[in-house]
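A.B. asks: Taken in order, these protein sequences are the chains called A and B.
Just so you know, the first sequence maps onto residues 1 to 528 in UniProt numbering.
Just so you know, the second sequence maps onto residues 1 to 375 in UniProt numbering.
Treat the hints as calculated values from the structure; they're not laboratory data.
Careful, some of the hints might be misleading.
Examples of chain A residues toward chain B, derived with CB under 8 Å [claimed, not checked]: (1) ASN186; (2) ALA189; (3) GLY191; (4) LEU371; (5) GLY450.
Virtual Cβ for every residue (Gly too), placed ideally from N, Cα, C.
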Amino acid sequence: MSTVVDDIHHEEHHDHKPSGITRWLFTTNHKDIGSLYLWFSLIMFFIGGAMAMVIRAELFQPGLQLVEPNFFNQMTTVHGLIMVFGAVMPAFTGLANWMIPMMIGAPDMALPRMNNWSFWILPFGFAILLSSLFLEGGGPNFGWTFYAPLSTTYSNDSTALFVFSMHILGISSIMGAINVIVTIMNMRAPGMNYMKMPLFVWTWLITAFLLIAVMPVLAGAVTMVLTDKYFGTSFFDAAGGGDPVMFQHIFWFFGHPEVYIMILPSFGIISAIIPAFTRKQLFGYASMVYATASIAILSFLVWAHHMFTTGMPVFAELFFMYCTMLIAVPTGVKVFNWVATMWRGAMTFETPMLFALAFVILFTIGGFSGLMLAITPVDFQYHDTYFVVAHFHYVLVTGAVFSIMAAAYYWLPKWTGHMYDETLAKLHFWTSLISVNVLFFPMHFAGLAGMPRRIPDYSIQFADVNQITSIGGFAFGLSQLIFLWLCIKCVRGGEKAAAKPWEGAEGLEWTVPSPAPYHTFEKPPKVE
Amino acid sequence: MKMKPLLALMALFGFSAQAQNRLNLTQGVTDVSNRVYDLHMTIFYICCVIGVVVFGLMFISMIRHRKSKGREPAKFHESVKVEVAWTIIPFLILVGMAIPATSTLIAMEDTSDADVTVQVTGSQWKWHYKYFEHEVEFFSRLATQQEQIQNKFEKSENYLLEVDNPLVIPTGQKVRFLVTSDDVIHSWWVPDFAVKKDANPGFINEAWTRVEEPGIYRGQCAELCGKDHGFMPIVVIAKEPADYQKWIEDTEAEQIAAREREQELLDMEMSMDELMAMGEKIYNSTCAACHQASGQGIPGTFPALAGEGVSIDPEARDQHIDIVVNGVQGTAMQAFGAQLTMQEIAAVITYERNAWGNDTGDTVQAADINAVMNQ
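Generate the whole structure from the sequences, applying the supplied hints.
C.D. replies: Structure below.
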């Protein structure tokens with residue numbers, strides 16, 4: 001370390017990096033890797049979105065028009081996998097890479113080389129998954145939940161590629177999670193004790209533990225699928241003493257915490273943005289931390305609510321119903337805290353705030369349908385219908401994705417040094433907000449009226465509602481092109497951003513210039 | 001009745017009883033389904049009330065507590081009293097909700113003392129029903145024509161919700177369903193009964209219903225089960241007990257007679273033309289979903305029959321029969337010995353060995369099938 005005196009110069013001095021492709025291939029810089037993750041997730045968002053457009057186009061009218069049922073199933077499967085593992089999770093990892101070191105006053109992530117690797121295996125993982133679509137017989141067509149024996153005995157050989165790509169994505173996630181935990185535990189600036197950390201850091205710390213706990217379970221599940229299909233084992237085959245329902249238990253033991261992996265970082269983002277644009281401290285910081293931790297713990301006790309119809313003993317159904325209902329309590333606490341933060345604040349409505357407010361309302365609607373789904377006897381009616389599709393798209397699109405959009409708008413000035421185009425951003429927000437509700441709200445009705453999910457064709461009573469949904473879908477898809485254009489524009493230029501462009505923003509990331517220099521906090525800042 | 005977005009909104013708030021049938025949960029025709037519906041409405045109204053309060057406060061805040069109105073932000077950031085209150089109150093609401101949910105669930109899972117028992121077996125992509133008290137069993141397949149699905153004919157009223165052989169049950173009696181599967185997981189769902197039970201291969205699940213209203217009730221497979229998951233509907237006809245009794249006895253007599261007739265027909269030789277005509281019909285209704293009407297199959301998933309494999313190998317006739325009769329373990333190829341008559345199997349194999357330019361010239365007779373089945 002150089003002397004304290006020329007520290008500023010020192011930072012500037014180091015602000016050079018390799019140019020061209022090697023900068024990105026070999027980078028160990030948390031900001032570069034963060035950008036890679038974010039761009040990658042945006043590309044995946046559009047690929048997964050294109051598949052959603054195929055689905056909505058086929059469902060625009062009853063009858064089969066555009067695609068064969070087998071291809072339709074591949075679209076629903078790969079759309080789900082891409083959006084979960086390719087769009088939402090890498091976006092959060094990208095945000096973690098960019099923001100966590102700056103928020104806790106660390107110079108970089110703790111394990112920078114591993115950081116490089118955990119990103120760079122992702123494109124290969126998805127190349128394998130996507131290439132499987134071009135195999136004879138097509139790609140995975142058994143739903144993103146790959147229930148056995150549909151994914152074992154009855155699948156084609158793309159399953160092997162699917163399993164391999166899941167392993168790669170899992171390894172990437174585990175490495176990312178390890179990095180986050182090690183960074184947060186060891187690299188906080190002096191004075192930054194745990195209960196002073198921004199909530200985004202807290203929620204990511206808890207998320208990282210969830211990832212480490214459940215990604216190996218997913219790896220186990222896909223490996224058993226592989227050996228059942230190719231090596232004569234019978235984990236999920238009753239004829240050999242196995243049980244297909246056991247697959248679902250294993251899958252959802254991963255799958256339910258996975259759901260919270262995709263929403264806890266959102267809670268952190270919203271908890272940063274609402275106070276900033278309310279100009280008022282977050283209400284109930286400590287209870288936010290405890291609520292996040294309780295949600296994480298409960299997430300391990302509710303997996304079987306995805307499988308109420310599989311024929312469980314009554315006591316098990318009751319246990320999982322009660323635990324699931326219980327999750328509403330800490331989740332409610334979070335929503336109430338956000339509303340209390342707004343109460344008697346001095347609000348302004350820049351785009352990050354608009355997305356955050358939309359998040360609170362629409363995520364809560366997703367929470368309501370979740371509460372309805374928790375009631376086992378009624379779940380028998382909702383299960384595997386469009387009501388479920390509506391529910392998880394409200395929590396994942398208007399929840400997770402909206403929070404990522406909010407985060408992007410909030411931190412774009414810090415990342416690029418330019419203010420984004422506020423008019424375009426508002427246009428993006430309003431078109432997204434309206435179209436996303438036209439897209440997903442009618443799905444509740446289709447589901448209640450009895451339309452099963454994952455079907456390429458439906459009876460004529462569902463025609464109107466599907467048509468509305470498809471129109472909303474196309475509009476939502478197109479609206480995202482505005483976002484793409486806006487991001488490119490913001491990277492290229494725009495009004496210079498101040499170090500702290502938002503009046504009420506708090507946190508160490510706003511103490512460094514915009515754009516954030518290549519190296520920040522080489523000398524730890526002092527936290528009061 | 002066309003659904004309009006406005007109606008949708010009205011139904012959401014419970015204003016329009018008429019629109020509810022199309023946009024709200026099916027109320028159904030059993031005591032259980034009505035209890036489920038009531039639970040649904042209760043939890044829905046609870047959510048509405050919470051939503052109005054929370055979103056109301058949010059909107060008041062968004063309208064009044066703005067910087068543009070010259071507001072100075074308040075300083076408060078915690079309150080133990082309030083925080084304890086909004087932890088306890090939701091908890092109590094949930095307890096209130098859990099009590100009726102628990103009692104309904106326990107009632108739904110009580111499958112004891114059934115009057116009628118039906119075994120329901122899912123397979124790709126049809127349902128099989130077998131009555132325990134009578135010698136009656138049959139397959140139930142989608143009855144909608146392919147031309148409607150391919151948009152060549154106008155779609156009928158019950159498009160995709162009609163079957164060739166519906167399940168028939170008596171009203172006013174407790175009917176128990178034993179649900180299982182021959183291949184992948186399916187899920188037997190009739191919304192009007194609030195019964196949805198997964199059909200797991202190798203395991204048997206139980207469900208029950210007691211239908212009070214005679215009528216026709218329609219449902220669909222609810223668990224993704226492969227290519228034609230969207231095309232395996234369920235139709236249940238509930239008849240007055242006397243009508244049901246007559247139906248089941250007639251059907252039983254018919255099925256016994258059919259089995260006897262099949263034995264008698266074993267010696268009958270059918271001509272190539274007869275076999276081909278019958279075979280084509282059976283092939284298109286039973287085999288074409290996987291192997292395709294063209295016999296080309298789906299590469300990588302379902303093997304082709306045209307121009308390759310056992311269907312053109314003159315030595316492999318008996319192997320061909322064995323595959324169709326007994327299926328192929330560990331693949332999607334089912335054992336059709338239990339699904340088709342011997343005559344039908346003979347016809348379909350003859351068809352497969354001679355259609356699409358396969359031209360082996362082989363004819364297969366019911367007696368050949370009988371020989372393989374009795375091996």
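A.B. asks: Look at each hint and say if it fits the structure.
C.D. replies: Status of each hint after checking the structure:
1. ASN186: Violated. Min distance 29 Å.
2. ALA189: With Cβ-Cβ at 23 Å, over 8 Å, it is violated.
3. GLY191: Result: violated, 20 Å to nearest chain B Cβ.
4. LEU371: Hint on LEU371 (chain A): holds, closest Cβ of chain B at ~6 Å, below 8 Å.
5. GLY450: The hint holds - GLY450 (chain A) has a Cβ within 8 Å of chain B, the shortest such distance being about 5 Å.
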